[in-house]
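Chemist: Spelled out from the first residue to the last, the chains are:
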Amino acid sequence: MLFGEMIKMALSSLGANKLRSALTMLGITIGVFSVISVMTAIGALQYSIENGISFLGSNIFQFGKYPANISASGDVQEKFRNRHNITYKQALHYYRLMEGEAREICLKSFGYEVKGQAVYNGVKTTPNLLIVGTNRSFLTANAHTLAYGRNLTDEDVELSRRVIVVGKIIEKRLFPHETPIGKVVRVSGHTYTIVGVLAEKGTAFGQSQDDLCIMPITRFFEDYGEAKRTVNIATQAFTQDTYNRTFDRAIGAMRIARGLRPDQPNDFEIYSNDSLKSAFVNVAGYVRVGAFVISLIALVAAGIGIMNIMLVSVTERTKEIGVRKSIGARSRDILRQFLTEAVFISEAGGVLGIILGIVAGDLLAMWLKVDLIFPYGWAIAGLLVCSAVGIGFGLYPAYRAANLDPIEALRYE
Amino acid sequence: METRNSIRPPGPVVIDIENITKEYVMGEEVVRALRGVSLQIRRNEYLAIMGPSGSGKSTLMNMLGCLDTPSAGRYEFNGKNVAEMDDDELAAVRNREIGFVFQTFNLLPRSTSLRNVELPLIYAGINPDRRVERAAQVLADVGLGDRIHHKPNELSGGQRQRVAIARALVNGPSIILADEPTGNLDSKTGEEIMELFENLYQHGNTIILVTHERDIAAHARRTVHLRDGLIEMDHVGFIAELDMPLAR
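Protein sequence lines, in the order shown, are assigned to chains L and V. When the letters of the first sequence are read in order and numbered with my numbering, they come out as residues 3 to 415. When the letters of the second sequence are read in order and numbered with my numbering, they come out as residues 8 to 255.
Read the hints as simulated data drawn from the structure, not as lab findings. The beta-carbon is built from N, C-alpha and C at its ideal position, and this holds for glycine as well. Heads up, a few of these hints could be off.
From the derived model, a few chain V residues whose C-beta atoms are all more than 10 Å from chain L [claimed, not checked]: (1) N88; (2) A98; (3) N102; (4) D148; (5) G164; (6) G197.
Chain V stretches covered by chain L per the calculated footprint, using a threshold of three residues with CB under 8 Å from any CB of chain L [what the hints assert, rightly or not]: (7) 116-128; (8) 222-231.
Use the sequences and the hints to build the structure in full.
Modeler: Have a look at this one:
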C-alpha cells in the first residue's frame with residue numbers, strides 16, 4: 003500500500019474523532035514544547051556568551067570578594083560574606099607589587115546601593131545609575147570604549163578630582179542637543195564635571211551596560227564612604243603568552259596584599275572570561291538536563307495516552323478491521339494503518355511543540371536581548387523522539403488490530 | 008421471469024472442496040461445525056447455500072471466502088490449495104478472487120461510496136487514477152453513478168447494498184459470496200437487489216448466496232442444503248423441489 007494512502011486513511015480516521023486526537027496530541031506537544039523552549043532559550047544565551055559578549059576584556063583576570071555566580075545557595079553565600087573586604091589599601095599594595103608586571107591594573111568599587119540619579123538643568127535620569135569608583139584602566143578591563151572626551155587619569159585619582167565619565171544613556175537623556183563635555187551635573191547630591199562619554203555597549207542578560215558613571219576611586223570613597231566597600235581588581239597581562247606567568251605572580255601578590263600565611267587558603271575569588279563562561283555553561287548544563295528529564299517524563303506520559311487511545315480505537319473499529327481484512331487487507335496493512343495513526347498524532351503534536359517551543363524560547367531570548375537561534379539539532383531530535391514514541395506506544399495496539407481474527411472481527415457489533 | 012430459468016453453461020471448476028471438516032474448541036467442548044463436506048462450484052454458477060442456524064452454513068461460507076481454513080480435507084480455489092496458504096496469500100485471494108456482500112453492508116461509514124469501492128483496489132496496489140476510474144465505472148454499473156460522493160448515511164439501504172456489491176465486483180473476482188444480502192432490506196428493495204444479482208449472473212459472474220430464506224434461494228440455479236455439518240441435498244434448480252425436504 004502506498005505511503006500517501008496510509009496518511010490519507012490515518013487523517014480520515016483521526017478526523018472522525020477530532021477532539022480526542024487533539025487532546026492526545028496535546029500531551030506530546032507539551033512534552034516537546036518544554037524541552038524545545040528551554041533548549042532554544044539556553045542555546046541562544048550560550049551562543050551569545052560564546053560568540054558575542056565578553057564579560058571582561060582580553061587577557062584579563064579579576065580578583066574579588068564574591069564569586070561570579072553569587073546566586074548559588076544561602077550557605078555558600080555565608081562563607082563569602084564572612085570574608086574581609088578587599089580594602090583600597092590592600093588593593094594599592096597589590097597595585098604596587100604588580101606594577102610593571104601587567105599592562106593594566108584596574109581597581110574598582112561599585113556603588114550598587116547608591117542608585118545614582120544625574121540631574122542637569124532640571125532634567126533627571128532614572129534613579130538607577132551604577133556609580134563606579136575606579137581608575138583609567140576601567141575601560142580596558144570592562145571592554146568599554148570611549149566615545150569622545152577623555153578617560154580618567156592617574157592624576158584624577160591622585161587628586162580625587164570631581165570628574166566623571168558617563169554612559170551613553172546619560173548623554174542621550176541629559177544632553178540631547180549639546181555636548182556634555184565640561185558640563186557640571188549633580189549625581190546623588192554631589193556635583194561632577196563630565197570629561198568623557200562611553201561608547202554604547204548594549205545589553206547583557208537584559209541589563210543595560212550604558213547607564214553607568216565612572217569617577218576616580220578616591221573621589222568615590224570621599225563621596226560615598228569607604229568603610230563597607232570591597233575593591234575588585236582586574237589585571238590585564240601584556241600578551242596571551244605572558245598571561246599564565248602574570249596570573250601566577252598576581253595570585254602571589256594578592257596573597258601578600260591580603261596578609262595570608264602560606265598555609266592559609268586564598269580568601270578571594272579569581273575569575274576570568276573563561277571561568278565566567280564555564281560557570282554559565284555549568285548552570286546551563288543542569289538546566290538542560292532538568293528540562294530533558296522533565297520532557298522525557300512528559301513524553302512517556304503522552305505516549306501512554308497514545309497507547310490508551312489507540313487501544314480504544316482498535317476496539318471501536320473491530321468491525322472496520324474485519325471488513326478491511328475480508329476485502330483483502332493483509333495483517334501488515336492493518337498494522338501499518340494503526341501505526342501510521344499513532345505516529346501521525348505523535349509527529350503532529352511534536353511539530354506543534356517544536357514550533358511553539360522555538361517561538362517561546364526565542365521570545366525569551368529576545369527579552370534577554372540576545373541573538374535568536376533555531377535549534378536544528380533539538381528540533382530534529384524532537385521529531386525522532388516523537389517518531390519513537392509513536393512507534394513505541396502505537397506498536398502494541400496496532401499489533402492487536404493486525405492479529406484480530408477476521409471472522410470474529412466481522413461478527414463484532 | 009423467463010430469464011430466471013435460463014441456466015448459463017457452467018465453466019471450469021472454481022471451487023473444489025473435498026471432505027473438509029472444521030472443529031472448534033469452545034470451552035471444554037469440541038464443536039464439529041463441518042463433518043466432511045465435498046462440493047464443486049464452477050464458473051458461471053448461481054448457487055444458494057441453505058440451512059438452519061447451526062447447520063455449518065456460516066462456517067462453510069467463511070471457508071469458501073478464505074477467511075478460515077479447514078481442520079482437515081482439501082480445498083482448491085482455481086486449482087490452488089487454499090488449506091496450505093498463509094495469511095498473506097489468503098488475503099490476496101480474498102482481495103482478487105472473492106467479492107463479499109454482507110447482510111449489514113459493512114461499508115466504512117465515514118467514507119464516500121467511491122472511497123468504499125476503491126478500498127479493494129487500494130489493497131491490490133492499483134494506482135490512484137485507474138482506481139478512481141474503475142470504482143466510478145462499477146458504481147455506475149450498479150446504478151449509483153450519481154451517488155459516488157455520498158456517504159453511507161446519505162444513502163438508502165438498497166443503495167448501500169449496491170455500493171457493497173460494487174465493492175465486491177470492483178476487482179473482477181471469480182466468485183461473489185453474498186451472506187443474507189437482503190436480510191436487512193424490505194422485500195421490495197430486496198427484490199431489486201436480487202434482480203441486480205440476476206443481472207450479474209447473466210453477465211457471467213459466479214454467485215454464491217448464503218441464506219435461510221427460501222424466496223431468496225429460489226433465485227439461484229442450484230441449491231445446497233446443509234444440516235448438522237453435512238450436505239443434506241445438492242440439486243440443480245429450485246422451484247420443482249419446493250416440497251418435502253424444506254417443509255420443516
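Chemist: Look at each hint and say if it fits the structure.
Modeler: Going down the list of hints, with the structure as the test:
1. N88: holds, 19 Å
2. A98: violated, 4 Å
3. N102: violated, 2 Å
4. D148: holds, 18 Å
5. G164: With a cut-off of 10 Å, G164 of chain V remains clear of chain L, as the shortest Cβ separation is near 17 Å.
6. G197: Consistent with the label, G197 of chain V stays out of reach of chain L, its closest Cβ about 21 Å off (over 10 Å).
7. 116-128: With 4 residues close enough to chain L, the hint holds.
8. 222-231: Our answer is that it is violated, as 0 residues pass the Cβ test (under 8 Å) against chain L, missing three.
Hint check: violations occur at hints 2, 3 and 8; the rest are consistent with the structure.
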